[in-house]
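**Student:** These protein sequences, in sequence, are chains A and B. The first sequence: position 12 = 12 (this note's numbering), numbered continuously. The second sequence: position 30 = 30 (this note's numbering), numbered continuously.
Hints in this document: simulated from the structure, not taken from any laboratory. Watch out, some of these pointers could steer you wrong.
As the list claims (entries may be wrong) - Computed footprint of chain B on chain A, listed as stretches where at least three residues anywhere in the stretch have a Cβ under 8 Å from a Cβ of chain B:
1) 9-21
2) 37-49
3) 75-84
4) 142-150
5) 197-204
All C-beta atoms in this analysis are idealised placements derived from N, C-alpha and C, irrespective of residue type, glycine included.
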Amino acid sequence: MTPPAASSSTSAFLFGLRSAVSSVFILVLSGTYVGLGALAHDFHFSQWWLALSTVLIWAGPAQLILITALGTGGSPVEAAIAVSLSGIRLFPMVVTLLPLLRKKGSPLRNMLLPTHFTSVSMWIENMRLAPALPVERRVAFCNGLSSAYMAAACICGFVGFYLAAGLPPLLAGVLLFLTPMAFLISTARNATQMIDRIALALGLTIGPAITAAHIGLDLLWTGVISGTIAYGVHRLRKTSA
Amino acid sequence: MSHTAFGLWPYLALVLVGFLPNEIWRVLGLVLVRGLDEDSQFIVWSRAVATAILGAVAAKLIVFSTGSLAAIPFAVRLAAAVCGFAAFVTVKRSVFVGVAVGEAVLLLGGFLFPG
Numbered sequence: 001m002t003p004p005a006a007s008s009s010t011s012a013f014l015f016g017l018r019s020a021v022s023s024v025f026i027l028v029l030s031g032t033y034v035g036l037g038a039l040a041h042d043f044h045f046s047q048w049w050l051a052l053s054t055v056l057i058w059a060g061p062a063q064l065i066l067i068t069a070l071g072t073g074g075s076p077v078e079a080a081i082a083v084s085l086s087g088i089r090l091f092p093m094v095v096t097l098l099p100l101l102r103k104k105g106s107p108l109r110n111m112l113l114p115t116h117f118t119s120v121s122m123w124i125e126n127m128r129l130a131p132a133l134p135v136e137r138r139v140a141f142c143n144g145l146s147s148a149y150m151a152a153a154c155i156c157g158f159v160g161f162y163l164a165a166g167l168p169p170l171l172a173g174v175l176l177f178l179t180p181m182a183f184l185i186s187t188a189r190n191a192t193q194m195i196d197r198i199a200l201a202l203g204l205t206i207g208p209a210i211t212a213a214h215i216g217l218d219l220l221w222t223g224v225i226s227g228t229i230a231y232g233v234h235r236l237r238k239t240s241a
Numbered sequence: 001m002s003h004t005a006f007g008l009w010p011y012l013a014l015v016l017v018g019f020l021p022n023e024i025w026r027v028l029g030l031v032l033v034r035g036l037d038e039d040s041q042f043i044v045w046s047r048a049v050a051t052a053i054l055g056a057v058a059a060k061l062i063v064f065s066t067g068s069l070a071a072i073p074f075a076v077r078l079a080a081a082v083c084g085f086a087a088f089v090t091v092k093r094s095v096f097v098g099v100a101v102g103e104a105v106l107l108l109g110g111f112l113f114p115g
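Given only the sequences and the hints, what does the whole structure look like? Please build it.
**Tutor:** Structure follows, in structure tokens:
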């Protein structure tokens, strides 16, 4: 089946919008940003501040850290370090996403939007759906998908902000749980190869251990150690096969 | 928190403390990937690193929760994650089912065992 998105960039963009609306991530993002909206309200940030942070930062965990750290009067330097550590995951995502989207000799400017849009939701859906499209349509698809996600997140941030006063704490906790649950399950779904499964299993187990040990740079160390072990096993299996 | 409610400081903090420290990783990825071959082993390794970090972020948010999620006991959070994952594996590898079951268990557990 050839996707209808193959015919033009506009139809690829629209296909991206439709893929976003029909994916589970639109629900996860909506719930997450309702939660962040309520949190921003409780910590006395304005709804416009939250919307701007969604467009500029575009990473739920980083926004959660920023709001709680600044809102509780934490030091800006410590908050910046915590935000940056949580953002490390974006680096290997960009490194694996862009080669999927570009043709030889594509201009850099076509990569700027997909780079900024890179987030867990769009990465997982792009890695899953983009390979079926002709390479020259993938950037438009990616931008359509990401625009829909970002628009939903902004709108739901406002919804959460205005709902905040009526949101019971348990429900707020349930909304915050959407991010880890969706990260866990959707990463597991995309882990079809042994290398991904080993990496995920090690990340889940080594990660909290390194965090608990207060070694610092926990996500970086977890990623490098687990990813390297998974890659090593993958190479060994290839050479012995 | 009057200084977060008014004036330019929250917006300045948004850019300096939120946007720049986060965006630098995306820009680094963009710069580094320009010279790479599509089937480079570095990309294979990067994908494994990204996958491991996602697992670690999920585990960290569940184990070391903050905000209103921290008010729900750890055992409930863990049980919710395990049930959600089990549901995902048993029901056609559906992400929706996995997330929905995890959330339902968390809601029920949080209701029965207030922290």
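**Student:** Would you list, in rising numerical order, the hints stated earlier that this structure does not obey?
**Tutor:** Hints 1, 4 not satisfied by this model.
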